[in-house]
Amino acid sequence: MGNAQNPFTEIYECKNCQSLWWIRTRGTGDPRSTYPEFYEQTAERIDDHRSDLIRNPSISGILSNKESAFPYNFFEEVLEVLKNSKSDELKTLYYQRDPSLPANVKRWLLQWFQKEFPQEFQKIQKNGFPTAANLLLTLEEEEIVIVSEFITKDQFAFITSKKDNFFLQSYDLTNQKILWKISIRRPFREGLSIPILFYQSGYLCSYQGFQKGSEYYPKLNRPDTLCIYDLFGNQIVSIQLAFKCFEILSTEERDISENRISHNFCFTIIDDILYLPHQSQVQVYDLKLGKLTQTIKMPAGEFFSGRAFQTESGNILFHTLKGILGINVSGEIIFQYLSPYHPVFIDSQFQFYYYYAIVESANTGEKKTFKNTTEFGISLVRELASLPVEFPGGIYLSFSLDGSLLLNSHLEIIKSFPFTTTDTLGPHSFGITKTPAITTEDRIIITNDFSGIYMIDFLGNVLLEKPIQSEVLSVFTFDGKHAVVLLSFHDDYIDKDQTELLLLSPKGEIITQKILSESKGISVSFDGICVFSDHNQMFEIDLFVTEN
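In the working numbering, the protein residues as written are 1 to 548.
Please keep in mind that the hints were generated in silico from the structure rather than gathered at the bench. Keep in mind that a hint or two might mislead.
Calculated lysine-lysine pairs in the DSS-like style (CA-CA distance at most 25 Å, straight line) [said to hold, decoys possible]: (1) Lys-162 - Lys-415; (2) Lys-163 - Lys-181; (3) Lys-496 - Lys-123; (4) Lys-520 - Lys-177; (5) Lys-123 - Lys-162; (6) Lys-66 - Lys-91; (7) Lys-507 - Lys-520; (8) Lys-288 - Lys-322; (9) Lys-496 - Lys-481; (10) Lys-123 - Lys-177; (11) Lys-466 - Lys-123; (12) Lys-367 - Lys-434; (13) Lys-434 - Lys-520; (14) Lys-434 - Lys-181; (15) Lys-481 - Lys-466; (16) Lys-520 - Lys-496; (17) Lys-153 - Lys-514; (18) Lys-434 - Lys-481; (19) Lys-153 - Lys-163; (20) Lys-106 - Lys-367; (21) Lys-153 - Lys-115; (22) Lys-520 - Lys-162; (23) Lys-466 - Lys-415; (24) Lys-177 - Lys-212; (25) Lys-106 - Lys-66; (26) Lys-219 - Lys-322; (27) Lys-496 - Lys-322; (28) Lys-181 - Lys-219; (29) Lys-496 - Lys-91; (30) Lys-481 - Lys-507; (31) Lys-163 - Lys-496; (32) Lys-153 - Lys-288; (33) Lys-91 - Lys-123; (34) Lys-181 - Lys-86; (35) Lys-466 - Lys-153; (36) Lys-219 - Lys-177; (37) Lys-520 - Lys-415; (38) Lys-115 - Lys-91; (39) Lys-123 - Lys-514; (40) Lys-496 - Lys-115.
Small disclaimer: the values here were computed from a predicted structure and weren't measured.
Could you build the full structure based on these sequences and the hints that come with them?
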């Protein structure tokens with residue numbers, strides 16, 4: 001065997017037949033020792049196709065051999081040979097961002113491009129990769145966008161931070177200018193992952209301040225102030241929150257609810273009236289007057305969950321942590337149903353869904369249990385992976401580990417599926433979780449971290465089944481028809497985490513697939529205009545316009 005093929009280590013040429021060989025060495029200890037701990041050498045003849053790349057290094061050769069077996073550092077060694085003579089081709093290869101290239105090739109391209117083209121690299125770092133993105137505004141250098149939220153068709157609000165100062169401001173896409181800007185308290189970001197700026201029933205809502213929930217569990221930290229603004233930036237109310245965490249003990253509710261923490265700081269706005277939990281009471285605020293007008297005491301020491309609904313007759317139904325309470329326009333209790341356990345979900349038919357897949361009807365008191373029978377004949381009660389999703393005519397139930405079911409309004413199985421959602425209701429859940437499944441006009445979109453994205457219609461037909469290998473950050477609809485899925489993204493072509501955005505059509509087609517800078521500044525308008533931030537800049541991009 002001759003010498004190694006310079007500059008390719010582990011590759012040698014035979015002196016007699018001139019064929020190329022891959023000499024692999026592995027082991028521990030000194031191979032010259034009489035008794036090395038472990039040492040092994042193997043020789044593999046390299047076929048003609050791979051030999052051509054070794055004798056004639058080229059970028060096209062790398063692309064055609066990216067699935068072939070080579071020494072670990074081989075492709076990097078080829079790139080080192082080509083970097084001086086094929087600079088333009090390497091630059092094009094970096095911009096193409098081929099996801100199928102080996103990870104070490106991506107890293108080499110990143111380091112090389114960053115060194116050779118520092119100005120272009122900085123531009124990419126600032127602007128992201130969507131070439132169709134338009135710069136909306138540039139803030140001061142130290143002012144960073146935290147979150148954004150559309151409040152009208154062409155206006156969005158956003159929170160920025162500059163050192164220890166925080167601002168809430170609004171931007172008009174049509175006139176391309178900031179409409180108003182106010183100073184606010186520090187927004188809540190030190191505990192549970194909850195929306196800190198959102199639009200609800202005609203008002204802009206923000207969680208601010210901080211209450212320490214536990215010395216050991218930061219997820220129990222919670223905000224201490226709810227601020228509600230009109231769409232012109234005028235503060236209507238600033239309410240000190242009396243939040244409590246209720247631990248459901250597994251020893252008491254093991255067969256139904258499992259051990260978890262429940263938080264009662266959701267709220268509801270109906271016809272300019274705010275219904276807010278406050279210990280074992282419901283505080284009622286008139287947002288037109290901007291003041292507290294009524295306090296409703298929950299009977300039996302119950303706690304308002306924050307979800308309230310108005311019936312056609314004007315009665316208000318409060319979902320509590322253990323049941324339902326109905327109050328008429330005079331404030332009198334007209335209906336109450338309490339369960340001995342804590343349901344994770346209550347549907348419009350007053351059916352209670354528990355963590356262990358038991359459904360109880362408040363109308364009849366009947367219970368139905370969903371079980372899974374193993375191949376050994378053992379029947380086990382299923383556990384819900386995430387909150388049930390109600391749709392016209394039925395309910396979608398996802399279970400931990402073993403698939404999901406589509407049920408009609410009588411809880412009869414329409415169809416079963418082998419896939420399920422991200423597990424958000426397990427024993428270690430803290431009560432505030434992302435929503436892994438949503439419903440649109442006639443579709444249900446289901447997501448599962450590091451597994452897949454699925455779309456079904458209300459009859460159970462599977463319209464989309466897309467495997468994924470990353471975390472689902474969010475799934476939502478901006479117009480009731482199309483769905484947006486945000487995925488964590490890191491492809492080794494840039495030295496920071498990014499966000500992949502998928503726009504799904506009602507037919508299950510992927511209309512748009514884009515890589516954005518980060519997720520915390522992303523929001524989408526009713527027309528599909530997406531705004532996103534990167535450091536001190538805001539950009540817009542039309543999700544329905546595809547790039548060449």
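Do the hints match the structure? See the list:
Distance hint between Lys-162 and Lys-415 is unfulfilled; the C-alpha atoms sit about 52 Å from each other, more than 25 Å. Proximity of Lys-163 to Lys-181 is assessed by CA-CA distance (about 17 Å); at most 25 Å being required, the pair is judged to hold. For the hint linking Lys-496 to Lys-123, the alpha-carbon distance of about 14 Å falls within 25 Å, and the restraint holds. Taken as a hint, the Lys-520 and Lys-177 pair is honoured in the structure, with Cα atoms around 21 Å apart against an allowance of 25 Å.
Taking the CA atoms of Lys-123 and Lys-162, the gap is about 22 Å. The hint holds against a cut of 25 Å. Taking the CA atoms of Lys-66 and Lys-91, the gap is near 18 Å; set against the 25 Å cutoff, the hint holds. At roughly 28 Å between alpha-carbon atoms, Lys-507 and Lys-520 are farther apart than 25 Å, so this suggested pair is violated. Proximity of Lys-288 to Lys-322 is assessed by CA-CA distance (about 31 Å); at most 25 Å being required, the pair is judged violated.
Proposed proximity of Lys-496 and Lys-481 is contradicted: the alpha carbons are some 32 Å apart, above 25 Å. Proposed proximity of Lys-123 and Lys-177 is supported: the alpha carbons are some 24 Å apart, at most 25 Å. Taken as a hint, the Lys-466 and Lys-123 pair is broken in the structure, with Cα atoms around 32 Å apart against an allowance of 25 Å. At roughly 28 Å between alpha-carbon atoms, Lys-367 and Lys-434 are farther apart than 25 Å, so this suggested pair is violated.
Straight-line distance between C-alpha atoms of Lys-434 and Lys-520 comes to about 14 Å, which keeps the hinted pair within the 25 Å bound. Restraint check: the Cα-Cα separation between Lys-434 and Lys-181 comes to about 30 Å, which exceeds 25 Å; the hinted pair is violated. A distance of roughly 19 Å separates the Cα atoms of Lys-481 and Lys-466; the hinted pair therefore holds under the 25 Å criterion. Between Lys-520 and Lys-496 the CA atoms are separated by roughly 14 Å; this keeps the pair inside 25 Å, and the hint holds.
Taking the CA atoms of Lys-153 and Lys-514, the gap is near 22 Å; set against the 25 Å cutoff, the hint holds. At roughly 20 Å between alpha-carbon atoms, Lys-434 and Lys-481 fall within 25 Å of each other, so this suggested pair holds. Between Lys-153 and Lys-163 the alpha-carbon distance is near 31 Å, which puts this suggested pair outside the 25 Å criterion. Between Lys-106 and Lys-367, the direct Cα distance comes to roughly 56 Å. Violation of the 25 Å bound is thereby established for this hinted pair.
Straight-line distance between C-alpha atoms of Lys-153 and Lys-115 comes to about 43 Å, which puts the hinted pair past the 25 Å bound. Among the hinted pairs, Lys-520 with Lys-162 is consistent with the structure: their alpha-carbon atoms are about 16 Å apart, no more than 25 Å. The hinted pair formed by Lys-466 and Lys-415 meets the criterion: a straight-line CA distance of about 20 Å does not exceed 25 Å. Under the criterion of a C-alpha separation no larger than 25 Å, the hint pairing Lys-177 with Lys-212 is inconsistent with the structure, at around 38 Å.
Between Lys-106 and Lys-66, the direct Cα distance comes to roughly 12 Å. Compliance with the 25 Å bound is thereby established for this hinted pair. For a cut-off of 25 Å, the pair hint linking Lys-219 to Lys-322 stands: about 23 Å separates their Cα positions. Distance restraint check for Lys-496 and Lys-322: the Cα-Cα separation of roughly 44 Å exceeds the 25 Å cut-off, and the hinted pair is therefore not satisfied. With a C-alpha separation of about 31 Å, the suggested pairing of Lys-181 with Lys-219 is violated against the 25 Å cut-off.
Of the supplied pair hints, the one linking Lys-496 and Lys-91 holds, its CA atoms being roughly 19 Å apart against a limit of 25 Å. The hinted pair formed by Lys-481 and Lys-507 meets the criterion: a straight-line CA distance of about 10 Å does not exceed 25 Å. Straight-line distance between C-alpha atoms of Lys-163 and Lys-496 comes to about 22 Å, which keeps the hinted pair within the 25 Å bound. The suggested pairing of Lys-153 with Lys-288 holds, with an alpha-carbon distance near 23 Å, which does not exceed 25 Å.
For the hint linking Lys-91 to Lys-123, the alpha-carbon distance of about 15 Å falls within 25 Å, and the restraint holds. Between Lys-181 and Lys-86 the CA atoms are separated by roughly 51 Å; this puts the pair beyond 25 Å, and the hint is violated. For the proposed pair Lys-466 and Lys-153, the alpha carbon gap of about 31 Å is over 25 Å, so the pair is violated. A threshold of 25 Å between alpha carbons decides the hint, and for Lys-219 with Lys-177 the separation of about 37 Å lies outside it, so the pair is violated.
Taking the CA atoms of Lys-520 and Lys-415, the gap is about 37 Å. The hint is violated against a cut of 25 Å. For the given pair, Lys-115 sits about 12 Å from Lys-91 by alpha-carbon distance, which is consistent with the 25 Å threshold. Simply put, Lys-123 and Lys-514 have alpha-carbon atoms about 17 Å apart, close enough for the 25 Å limit, and the pair holds. Between Lys-496 and Lys-115, the direct Cα distance comes to roughly 16 Å. Compliance with the 25 Å bound is thereby established for this hinted pair.
Hint check: violations occur at hints 1, 7, 8, 9, 11, 12, 14, 19, 20, 21, 24, 27, 28, 34, 35, 36 and 37; the rest are consistent with the structure.
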